[in-house]
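Given the coordinates of chain Z, assemble chain E onto it according to the supplied hints.
Protein chains in written order, with my numbering: chain Z, 1 to 273; chain E, 274 to 546.
Hints listed in this document are in silico derivations from the structure and should not be mistaken for laboratory results. Don't take every hint at face value.
Stated by the list, open to error - Over 12 Å on every C-beta distance to chain Z, these chain E residues come out as not near it, computed from the model: (1) Asn292; (2) Ala301; (3) Asp306; (4) Ala319; (5) Gly324; (6) Glu341; (7) Arg351; (8) Thr377; (9) Arg381; (10) Lys391; (11) Gly435; (12) Ala465; (13) Ala521; (14) Gly536.
To be verified - In silico DMTMM-like links for lysine to aspartate or glutamate, alpha-carbon gap of 20 Å or less: (15) Z:Lys118 to E:Glu501; (16) E:Lys391 to Z:Glu228; (17) E:Lys459 to E:Asp503; (18) Z:Lys118 to E:Asp503; (19) Z:Lys186 to Z:Glu228; (20) Z:Lys186 to E:Asp450; (21) E:Lys391 to E:Asp379; (22) E:Lys309 to E:Asp331; (23) E:Lys391 to Z:Asp230; (24) Z:Lys36 to Z:Asp26; (25) Z:Lys118 to Z:Asp92; (26) E:Lys459 to Z:Asp177.
Since this is a predicted model, take the numbers as computed values, not measurements. Virtual Cβ for every residue (Gly too), placed ideally from N, Cα, C.
One letter stands for each residue in the lines below.
There are 2 protein chains.
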Amino acid sequence: MTKTVMNPNWIAVDWGTTNLRIWHCDQAGNVLDETKIQTGMGNLTASEYEGVLISHIDNHLSDDVITEVLVCGMAGARQGWQDAGYLTAPCDTPALNQAATVHTTDPRIMVRILPGIKQPEPADVMRGEETQIAGFLIQTPDYNGLVCLPGTHSKWVRVQNGQVVEFQTFMTGEVYDLLSRSSVLKHSVSGAGFSQSDFVDAVKSAFENPANASSQLFRLRAQHLVNETDATVLRARLSGILIGQEVAAMERQWNHLPITLIGEEALCSLYKS
Amino acid sequence: MTKTVMNPNWIAVDWGTTNLRIWHCDQAGNVLDETKIQTGMGNLTASEYEGVLISHIDNHLSDDVITEVLVCGMAGARQGWQDAGYLTAPCDTPALNQAATVHTTDPRIMVRILPGIKQPEPADVMRGEETQIAGFLIQTPDYNGLVCLPGTHSKWVRVQNGQVVEFQTFMTGEVYDLLSRSSVLKHSVSGAGFSQSDFVDAVKSAFENPANASSQLFRLRAQHLVNETDATVLRARLSGILIGQEVAAMERQWNHLPITLIGEEALCSLYKS
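This is chain Z alone, in the form it adopts within the complex:
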């Protein structure tokens, strides 16, 4: 295999359940190269992580220096690569010296995994999002408000004085996946298109009447059977019902705070609307 001319100073990795993201950075933290692999941790056993990582970064490594690899995300969970523990909220975002050093066999790398954050009451946990928030706080250290990180498990995080004060997780993305792939709704919402206006209508309806939101789900199937409503409309409504419920819960809890969205463009644009 040919080596690239670019040798990163260090490598940042976000290793989640469904995605593996790798950034090759220079000393100043500028990203030289970026990779996203959609397989994530899958069913990896602890001993398989190093090989998978090396297979994706091999041509960026040099035989002459040890490259630091800093990992955040579910790879630091008990069932992951190595348990990196949790900080306990309220707390600062994790610092380098709190990272767990991982025993590796390839002499070209030195791997550390950052801890997640846990909240004892009401019980909640995050792994990976705390590091995204750390990046956000470097740019805006005085931010006082909510940070919303949409995803498989959306997080709403209250940030104050550079700290994670409290947070709450929603299974919105996972429930959407389960319902659209494995439930009786799968026939009604399959396909690709998306109706933005129906999405917004469903968000509003679920936001205003969250008690009724769960009863709207089967109705999607019935709209398909009885009214032959198009899958593009029904898929947008399903997404809207679930996100509307999430926003309704957060609005009632933290209605006076500014909100910052962190995440992938496509998902954030749904939450903005």
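Just chain E now, kept in the frame of chain Z:
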């Protein structure tokens, strides 16, 4: 195969997605024998239904007479044995002369499938429950109130003057199954025990604050990770959150009507509490 001495006058069948129930009845409608098979329709193609049915009723059939088999449930759906259509609510429960006759090859049976009921707006459908309600109305023809039929897809049905006036479906049972078997919660709720008091607490909490109910789901996982809460408690809470949401929606819509529960003992007792 030996024949039993008992020859039923007719056979009633409720053929749903997950269960097949068969009742052997005498002319007066008394149940002589009852069978429940937990496989349901699964992935049967239309041509496979007759063979499956015969395999379960064969030793109750006589070569000398034609036994009537009356079927309700999802077997009458478009993807089922034969499309038996829908009545449109508000309407009476389906009568025998509205049943679709099915072409069969075994000369010992004559099979008819009862139609379901559809509701155009808000869109909803039922198949099977309308026949349970018909049975209930034979006993209490003057009932004016709600009938709740818990299940994979729970139905809340407003009954008046012997008619199905309107109804609403909740995917409570299916969502419970998906979350406890296929989601990140599966590790937290696996097992068998059940904590009734935690169930009731979760129902109350979801009933009083339905906006927040969807945010309680991931918390079950977090309670497991952070507080090592027992699966017996978490499973009861999951069930309670979902049923509490359902009851909250119905309470806000139909809070002045009497409620009758129809269904299996175990499930009904959860809804009663």
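Going down the list of hints, with the structure as the test:
1. Asn292: Given a closest Cβ separation of 15 Å, the condition holds.
2. Ala301: 36 Å, holds
3. Asp306: 31 Å, holds
4. Ala319: 17 Å, holds
5. Gly324: 25 Å, holds
6. Glu341: 29 Å, holds
7. Arg351: 8 Å, violated
8. Thr377: 26 Å, holds
9. Arg381: 34 Å, holds
10. Lys391: Given that some Cβ of chain Z is not farther than 12 Å from that of lysine 391 of chain E, nearest at about 5 Å, it is violated.
11. Gly435: About 23 Å separates glycine 435 of chain E from the closest Cβ of chain Z, which puts it past 12 Å; holds.
12. Ala465: 23 Å, holds
13. Ala521: 5 Å, violated
14. Gly536: Check passes; 17 Å lies beyond 12 Å.
15. Z:Lys118 to E:Glu501: 13 Å, holds
16. E:Lys391 to Z:Glu228: Answer holds: lysine 391 of chain E to glutamate 228 of chain Z is near 13 Å, not above 20 Å.
17. E:Lys459 to E:Asp503: 13 Å, holds
18. Z:Lys118 to E:Asp503: 18 Å, holds
19. Z:Lys186 to Z:Glu228: Judged against 20 Å, a Cα distance of about 15 Å means the pair holds.
20. Z:Lys186 to E:Asp450: 15 Å, holds
21. E:Lys391 to E:Asp379: 32 Å, violated
22. E:Lys309 to E:Asp331: 15 Å, holds
23. E:Lys391 to Z:Asp230: 18 Å, holds
24. Z:Lys36 to Z:Asp26: 18 Å, holds
25. Z:Lys118 to Z:Asp92: 12 Å, holds
26. E:Lys459 to Z:Asp177: 15 Å, holds
Hints 7, 10, 13 and 21, counting from the list given before, are not met by this structure.
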